[in-house]
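Colleague: Sequence:
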Amino acid sequence: MKGTLLITGVGQRIGWHLAGHLQAQGYQIIGTYRTRRDSLKRLEDQGVILIRCDFNQAEQVDALIADVQQRAPMLRGIIHNASDWLPDGSADQAVSRLHAMMQVHVAVPYQLNLAFEEQLLASDTTADIIHITDYVAEKGSRKHIAYAASKAALANMTLSFAQRLAPRVKVNSIAPALILFNDQDTEEYKVKARAKSLMNKEAGVAEMLQSVEYILNSGYITGRTLAVDGGRHLV
Numbered sequence: 001m002k003g004t005l006l007i008t009g010v011g012q013r014i015g016w017h018l019a020g021h022l023q024a025q026g027y028q029i030i031g032t033y034r035t036r037r038d039s040l041k042r043l044e045d046q047g048v049i050l051i052r053c054d055f056n057q058a059e060q061v062d063a064l065i066a067d068v069q070q071r072a073p074m075l076r077g078i079i080h081n082a083s084d085w086l087p088d089g090s091a092d093q094a095v096s097r098l099h100a101m102m103q104v105h106v107a108v109p110y111q112l113n114l115a116f117e118e119q120l121l122a123s124d125t126t127a128d129i130i131h132i133t134d135y136v137a138e139k140g141s142r143k144h145i146a147y148a149a150s151k152a153a154l155a156n157m158t159l160s161f162a163q164r165l166a167p168r169v170k171v172n173s174i175a176p177a178l179i180l181f182n183d184q185d186t187e188e189y190k191v192k193a194r195a196k197s198l199m200n201k202e203a204g205v206a207e208m209l210q211s212v213e214y215i216l217n218s219g220y221i222t223g224r225t226l227a228v229d230g231g232r233h234l235v
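Each residue of the sequence shown is one higher than the one before, counting from 1 in UniProt numbering.
Treat the hints with caution; some may be incorrect.
Within a straight-line C-alpha distance of at most 20 Å, the following computed EDC-like cross-link-like pairs (lysine to aspartate or glutamate) qualify [said to hold, decoys possible]:
| # | residue 1 | residue 2 |
| --- | --- | --- |
| 1 | LYS143 | ASP92 |
| 2 | LYS196 | GLU213 |
| 3 | LYS190 | GLU207 |
| 4 | LYS196 | GLU138 |
| 5 | LYS41 | GLU59 |
| 6 | LYS2 | GLU44 |
| 7 | LYS41 | ASP54 |
| 8 | LYS196 | ASP185 |
| 9 | LYS41 | ASP62 |
| 10 | LYS2 | GLU117 |
| 11 | LYS2 | ASP185 |
| 12 | LYS139 | ASP124 |
| 13 | LYS192 | GLU213 |
| 14 | LYS2 | GLU188 |
| 15 | LYS139 | ASP88 |
| 16 | LYS143 | ASP185 |
| 17 | LYS139 | ASP84 |
| 18 | LYS201 | GLU188 |
| 19 | LYS2 | GLU187 |
| 20 | LYS201 | ASP183 |
| 21 | LYS143 | ASP84 |
| 22 | LYS143 | ASP88 |
Each pair of labels, with its calculated beta carbon distance range [stated by the list, open to error]:
| # | residue 1 | residue 2 | range |
| --- | --- | --- | --- |
| 23 | GLN69 | LYS192 | 44 to 54 Å |
| 24 | GLU188 | GLN163 | 25 to 35 Å |
| 25 | ALA24 | GLU118 | 41 to 51 Å |
| 26 | ASP84 | ASP185 | 11 to 21 Å |
| 27 | GLU118 | GLN93 | 17 to 27 Å |
| 28 | ASP183 | ASP54 | 18 to 28 Å |
| 29 | MET74 | LYS201 | 35 to 45 Å |
| 30 | ALA193 | GLU118 | 27 to 37 Å |
| 31 | GLN163 | GLN69 | 20 to 30 Å |
| 32 | VAL191 | LEU159 | 35 to 45 Å |
Keep in mind the hints are simulated off the structure, nothing from the lab.
As the structure is a computational prediction, the values presented were derived from the model and not from experiment.
Where a beta carbon is used, it is the ideal one built from N, C-alpha and C, also for glycine.
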């Protein structure tokens, strides 16, 4: 076995694919989810260990930490994939939305990185922390200011933890743009979204799987952000 990886937010989309793919690659995956979905049964059948955890509930985060520490005295890595995407809303909603975004994208990853520092440093090979950020961390967003700010904070945390944990733990970010459309997305929206990048297409989940594997297989890269955006910054 290649070691144990903790992946947050494996209930659907990229997190679900990452958990199944890396489990098949020989890692033992511990995955967190907030909402029980039928798709999780497939991960369980593969041997993925699933732990329900709502990051907005402090007692559940504490329970997650205790559970993982008991199960895994050594961690090969943590992939912070759990995410929420809320518009800022009205003036009355905006501050609460900011707190919600910061909790999921900053406070809990910060807490988990500190809580599992001993387990990461105990890994028998170089360990990894990977923060899944977003293209908007650099560009900003008119309608999702809180979301963009929280992802920018997560990206900045990459720099600090890379310094703190080197050389035993590499800490990097992956900043995707358009990876997968949602089922409810209209064709009009898809055309508009694809046109925002030079590649003019939906990347597909394989791009994220390859990006994660690239970082995990590197023995040298740390404190960096890997952009998976199809050249969107040049449009």
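Colleague: Hint by hint, say whether it matches the structure.
Modeller: Hints versus structure:
1. LYS143 with ASP92: Distance of about 15 Å is within 20 Å: holds.
2. LYS196 with GLU213: Status violated; Cα separation ~26 Å.
3. LYS190 with GLU207: The hint holds at about 18 Å.
4. LYS196 with GLU138: holds, 15 Å
5. LYS41 with GLU59: Answer violated: LYS41 to GLU59 is near 25 Å, above 20 Å.
6. LYS2 with GLU44: holds, 19 Å
7. LYS41 with ASP54: holds, 19 Å
8. LYS196 with ASP185: holds, 16 Å
9. LYS41 with ASP62: The given pair, whose Cα atoms are some 25 Å apart, is violated under the 20 Å limit.
10. LYS2 with GLU117: holds, 19 Å
11. LYS2 with ASP185: With Cα atoms ~38 Å apart, LYS2 and ASP185 exceed 20 Å; violated.
12. LYS139 with ASP124: violated, 38 Å
13. LYS192 with GLU213: With Cα atoms ~30 Å apart, LYS192 and GLU213 exceed 20 Å; violated.
14. LYS2 with GLU188: Given that 20 Å is the threshold and the Cα spacing comes to 44 Å, the pair is violated.
15. LYS139 with ASP88: holds, 16 Å
16. LYS143 with ASP185: holds, 18 Å
17. LYS139 with ASP84: Cα-Cα ~18 Å, so holds.
18. LYS201 with GLU188: holds, 14 Å
19. LYS2 with GLU187: Violated: LYS2 and GLU187 sit about 41 Å apart, past 20 Å.
20. LYS201 with ASP183: holds, 16 Å
21. LYS143 with ASP84: holds, 14 Å
22. LYS143 with ASP88: Holds, at roughly 6 Å.
23. GLN69 with LYS192: 44 to 54 Å: At 46 Å between Cβs, range holds.
24. GLU188 with GLN163: 25 to 35 Å: violated, 45 Å
25. ALA24 with GLU118: 41 to 51 Å: violated, 28 Å
26. ASP84 with ASP185: 11 to 21 Å: holds, 18 Å
27. GLU118 with GLN93: 17 to 27 Å: violated, 39 Å
28. ASP183 with ASP54: 18 to 28 Å: holds, 24 Å
29. MET74 with LYS201: 35 to 45 Å: Holds, at about 40 Å.
30. ALA193 with GLU118: 27 to 37 Å: At roughly 42 Å between Cβ atoms, GLU118 and ALA193 fall outside 27 to 37 Å, so the hint is violated.
31. GLN163 with GLN69: 20 to 30 Å: holds, 24 Å
32. VAL191 with LEU159: 35 to 45 Å: holds, 37 Å
Hints 2, 5, 9, 11, 12, 13, 14, 19, 24, 25, 27 and 30 from the earlier list are contradicted by this structure; the remaining hints agree with it.
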